[in-house]
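Going down the list, the protein sequences come from chains W and C. Each residue of the first sequence is one higher than the one before, starting from 1 at the first, in the numbering used here. Each residue of the second sequence is one higher than the one before, starting from 1001 at the first, in the numbering used here.
Don't take each hint at face value.
[What the hints assert, rightly or not] List time: in silico DMTMM-like cross-link candidates among lysine to aspartate or glutamate, alpha-carbon distance up to 20 Å:
id, chain 1, residue 1, chain 2, residue 2
1, C, 1321, C, 1196
2, W, 29, C, 1136
3, C, 1331, C, 1272
4, C, 1271, C, 1162
5, W, 86, C, 1207
Derived by calculation from the structure, the hints in this document are not laboratory data.
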Amino acid sequence: MTESYLPPGLPIPVPEANGLSTPFWEGLKQEVLRVQRNARTGVYQFPPQWIAHDTQTFDVEWVEVAPRGVIYSWTRVWHPVHPALKGACPYIVVVVELPQAGGVRMLGNLLGDPRQEVVIGTDVEAVFEHHRGAEPPFSLLQWRVATGKGA
Amino acid sequence: MTERSLRGRVAVAGVGETAYYRHGQAPEAEFVLCLKAILAACEDAGIDPRDIDGFASYSNDRNDPMSLATALGTHELRFSNMLWGGGGGGGAGSMANAAAAIAGGLADCVVVYRALAQGQFGRFGQGPRATTVNGDLALTVPYGQMSPAQWYAPKAMRFMHEHAIGQEALRAIAMASYHHAQANPRAVMYGRPLTEQAYDESRWITEPFHLYDCCMENDGAAAIVLVSAERARDLKQTPAFVLGAAIGAGYRVHSTPAGYATPDLASSHFKEVARHMYAMAGVGPADVDVVQCYENFTGGVLMALVEHGFFAPDEAMEFLKVENLLAPGGKLPLNTSGGNLAECYMHGLELQIEAVRQLRGQSTSQVPQANVSLAVAGPMVTPVSTIIFGSEASLG
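Assemble the whole structure, with the sequences as input and the hints as a guide.
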């Protein structure tokens, strides 16, 4: 996609110098959603950590998961707190739970009408929002209400 | 009561504050405000400021103990303590740390303080201006999720969804703070009452928070002097004894920007913390006469009151009616100085002071015969903390 949900000018997400979250961000550029999993127990975790919280072991693997989820909570932002967002309100932020990945949660915008009714429990599917012209280039994980196809 | 308890061993001897200002309006340097608040607390207690031998604060207060001790000419420094966590989560925790230092023999006279002059530094409610972000911030800021109101709103939203709680419950919390501020000449919102209509018509900040659900941002400073219970009994003021306190969070509660990933999202994170506090104090919610509960956002107060056992989530709509929350006669007088919404956002240290004033009979919205006084620090802002004070009679 060429258009972004929010205007340009917000801080650009980059992996840490130590590379902890690089597989996640590189995955988004390739339209792949990756989360971490304990290689021994299969327990998922997100956001990225160095250690598996259930066994305190360091063999945490990155695995691809289906890019869909369920709205767990949300907010609609009306008051801009960054100059780039002046004129961009309201916009919707959703907390999305991934049942197929142990219920880990992530956050993104809910695409579509910013004044739409948001219902907790609604199925959503990921949209990879590419900012290839940015310096450095990056991709965001966005969400839209699931169409029922291809899930 | 186990020996490993603060109950009855330490007391607040003095409280002090500067004038409270709208953010950016402080006429003096933040460090000067801090010094003046400490001096006011010493004056209130009737102690020589040079006898302070410990300093405790939270939220990365910029006024470090070495500078304060040097400026004040204190005889020696025996305790210096900073509680991790931003915002107001550590207000009660700093009191607990000070009390623990005194009870444990590390220091004799500890001052807890917080000073804010945001015009001289930066505001809390504004997003980061960096070109790039990484770590937990990278997973929220690019989606426009970058201020405390935005980070915490989904927690309240989920809680309200799970328990069918309407906006009226949040409104009652805001109304109580504004009501009490009208009796308090120190309050920034003194003389500026809030009506239900004005609340309803106020703009959204981020749903479910209207403008009046969000704390102010202010300049000023506040300070509290703690000493041993024995010494407090010989000083000027009626002592407010520490009955119990606790600091922390439950299972895998993330730092704020990653809070969406916390398993128990719809929580203020007081479930375990409040239990520990009551256990140490030897009292329960039914014994509490008056409550100060940090309003970063009213939704946090809602969850914190539930998690302190005052009502079940499904009773919130019934309990959170303005008349129940007002001094002197309400079921649970709440934020009787006006709190963060209407007295001053001194990161909740003003709420600790108000909890003490209630036990002294010095509140501008006094609850008659207040013997047990609770002060809850920043809900959702982990590590959270809570403390309960009692009168001499409560030690019985």
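Tested hints:
1. Simply put, residue 1321 (chain C) and residue 1196 (chain C) have alpha-carbon atoms about 12 Å apart, close enough for the 20 Å limit, and the pair holds.
2. Between the alpha carbons of residue 29 (chain W) and residue 1136 (chain C) the distance comes to roughly 19 Å, so the proposed pair stays at or under 20 Å and holds.
3. About 24 Å separates the Cα atoms of residue 1331 (chain C) and residue 1272 (chain C), which puts this hinted pair outside 20 Å; it is violated.
4. For a cut-off of 20 Å, the pair hint linking residue 1271 (chain C) to residue 1162 (chain C) stands: about 17 Å separates their Cα positions.
5. For the proposed pair residue 86 (chain W) and residue 1207 (chain C), the alpha carbon gap of about 17 Å is at most 20 Å, so the pair holds.
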